[in-house]
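Chains U and D, in that order, give the protein sequences. Per numbering that gives the first Met the number 0, the first sequence starts with residue 0, numbered consecutively. Per numbering that gives the first Met the number 0, the second sequence starts with residue 0, numbered consecutively.
Rather than coming from a laboratory, the hints here were simulated on the basis of the structure. Check the hints yourself; a few may be wrong.
[Said to hold, decoys possible] Sample of chain U residues facing chain D (criterion: CB under 10 Å; computed from the structure):
1) Glu-27
2) Ala-52
3) Arg-54
4) Pro-67
5) Trp-68
6) Leu-70
7) Leu-83
8) His-87
9) Thr-89
10) Gln-95
11) Met-128
12) Tyr-158
13) Leu-160
Note that the Cβ used here is the ideal one computed from N, Cα and C, for glycine as well.
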Amino acid sequence: MPVAEWLAALEHSGIGEAMRESWFPYVEGTHVLALALSVGTIVWFDLRLVGAAMRTRPVSEIYQGLKPWMLTGFAVMFATGALLFVAHATKVYESQVFRAKAALLLLAGVNMLVFHLTIDRRRAAWNEMPVPPMAARVAGLLSLLLWLSVIAAGRMLAYDL
Amino acid sequence: MVWEALQPVVNWIDASAFARWLGQSEARIAALFVLHLVGLTLWLGGTLVVGLRLLGSGVRSGPVANLSRELAPWRTAGLTLALVSGSLIFTGGAVSYFEGAWFRRKMALLLMALVFNFTWFRTVANAREGQFGEWTNRVTAGVALLLWLGVGAAGRAIAFF
Numbered sequence: 000m001p002v003a004e005w006l007a008a009l010e011h012s013g014i015g016e017a018m019r020e021s022w023f024p025y026v027e028g029t030h031v032l033a034l035a036l037s038v039g040t041i042v043w044f045d046l047r048l049v050g051a052a053m054r055t056r057p058v059s060e061i062y063q064g065l066k067p068w069m070l071t072g073f074a075v076m077f078a079t080g081a082l083l084f085v086a087h088a089t090k091v092y093e094s095q096v097f098r099a100k101a102a103l104l105l106l107a108g109v110n111m112l113v114f115h116l117t118i119d120r121r122r123a124a125w126n127e128m129p130v131p132p133m134a135a136r137v138a139g140l141l142s143l144l145l146w147l148s149v150i151a152a153g154r155m156l157a158y159d160l
Numbered sequence: 000m001v002w003e004a005l006q007p008v009v010n011w012i013d014a015s016a017f018a019r020w021l022g023q024s025e026a027r028i029a030a031l032f033v034l035h036l037v038g039l040t041l042w043l044g045g046t047l048v049v050g051l052r053l054l055g056s057g058v059r060s061g062p063v064a065n066l067s068r069e070l071a072p073w074r075t076a077g078l079t080l081a082l083v084s085g086s087l088i089f090t091g092g093a094v095s096y097f098e099g100a101w102f103r104r105k106m107a108l109l110l111m112a113l114v115f116n117f118t119w120f121r122t123v124a125n126a127r128e129g130q131f132g133e134w135t136n137r138v139t140a141g142v143a144l145l146l147w148l149g150v151g152a153a154g155r156a157i158a159f160f
C-alpha cells in the first residue's frame, strides 16, 4: 500500500531520525507552548463573538489586533505538529485519537470558513453590538468547543502512541 | 533547604488515601492534564493579550487598565483551573515529582511569576493612563511573558529530562 510506504519513508528520513534522536522534546515543548499564541488568542475572539468578554469593543478591533498573533501561533502549531507527525508517522497515522484530532481540526476550519463567508460578511451591521447576532454566537461557541476538543485530543494522543 | 523542610508534607500527601486513589487511574490523570492545558491556554493567552497591549500591539484602543479589567475574570478562571489541576496532578505522584530537578525549577519560576504578576505586573496593567512611561510598560510585559514562558518550558522539561 503506497500510504504505508510513504509513511515509512517519512519516518526513516533524516528529519524523522533527528526528531527521535534529539529534537523531540524541544519541538513538542514548542508545540505545547504555542497553544498560548494560537488557541490562547482565538479564544478571546470567540469569547467576544459569544458576548462574554470585551463587549464594549468593536469585534473588528479584537479581530485586527489579534489576527497576526493568531496566524503566527497557528503557523508554529502546524510546523511543529508536522515534525511531531514525521517522528512516528506510521503509529500516529494509525491512531484513532490522531484521526479524531484531524477531524476536529477540519471541523474548526470549516466553522471558521462558514463564519467568514456568511454572518461575518455583514459584520459592519453588528460590529459594535455587545452581544452579536445568534449566527455569530453559534460560530464563536462552536469554535470554543472545537478548540478545547482539539487540545484534549492532542493531549490524549500522547497516551495512544 | 526549603525543599527539605517540605519533604514531610510531601510524604504525607503521597501516603494519603486520596493521593493513592488519584494516582491509580491513568484516565483520571489524563483528564487532569487536559484541564491543566485548557487552564494555561486561557491564562497565558490572556496574559499575552494584556502584555501585547503594554508592548503597544494587539488589542490597543483605550487605557491598558480597561483591557486588563475586561480580561480579568477569564484570566483568573484560567489560572485557577491550571493551579487546581496542577496541584492534583502533583498529588497523584507527589514523592516522585518532588525529587525532580525540573519540577523544582518549575515551582521556583512559578513562584517568581506569580509574585511578579500580583505585585508589579498588576500595578502597571491597572494603572491610569500615563502613570508609567512607555518603557516601564514594555519591560514589565517582557519580564512577565519571559517568566511565564520559563514556567511552561520547565513544565515540559519535567516530562522529558
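Hint check results:
1. The restraint placing Glu-27/U at the interface with chain D holds, with a minimum CB-CB distance near 7 Å, inside the 10 Å limit.
2. For Ala-52/U, the suggested interface contact is upheld, since its CB lies about 6 Å from the closest CB of chain D, less than 10 Å.
3. A cut of 10 Å between beta carbons decides the hint on Arg-54/U: the least distance to chain D is about 8 Å, and the hint holds.
4. Nearest Cβ of chain D to the Cβ of Pro-67/U: about 8 Å, under the 10 Å cut. The hint holds.
5. Interface hint at Trp-68/U: satisfied, since its Cβ lies 7 Å from the closest Cβ of chain D, which is below the 10 Å cut-off.
6. At about 13 Å, the closest approach between the beta carbon of Leu-70/U and any beta carbon in chain D exceeds 10 Å, and the interface hint on this residue is violated.
7. Proximity of Leu-83/U to chain D is violated relative to the hint, the smallest CB-CB distance being about 13 Å (cut-off 10 Å).
8. Annotation: interface hint on His-87/U violated; nearest CB of chain D at approximately 15 Å, more than 10 Å.
9. Hint on Thr-89/U is violated. Least Cβ distance to chain D is approximately 22 Å, over the 10 Å limit.
10. Evaluation of the Gln-95/U hint against chain D yields a violated restraint, the C-beta minimum of about 15 Å exceeding 10 Å.
11. For Met-128/U, the interface hint is violated, the least distance from its beta-carbon to any beta-carbon of chain D being 16 Å, above 10 Å.
12. Interface restraint check for Tyr-158/U: the shortest CB-CB distance to chain D comes to about 6 Å, inside 10 Å, so the restraint holds.
13. A cut of 10 Å between beta carbons decides the hint on Leu-160/U: the least distance to chain D is about 13 Å, and the hint is violated.
Hint compliance for this structure: hints 6, 7, 8, 9, 10, 11 and 13 are not met, and every other hint is.
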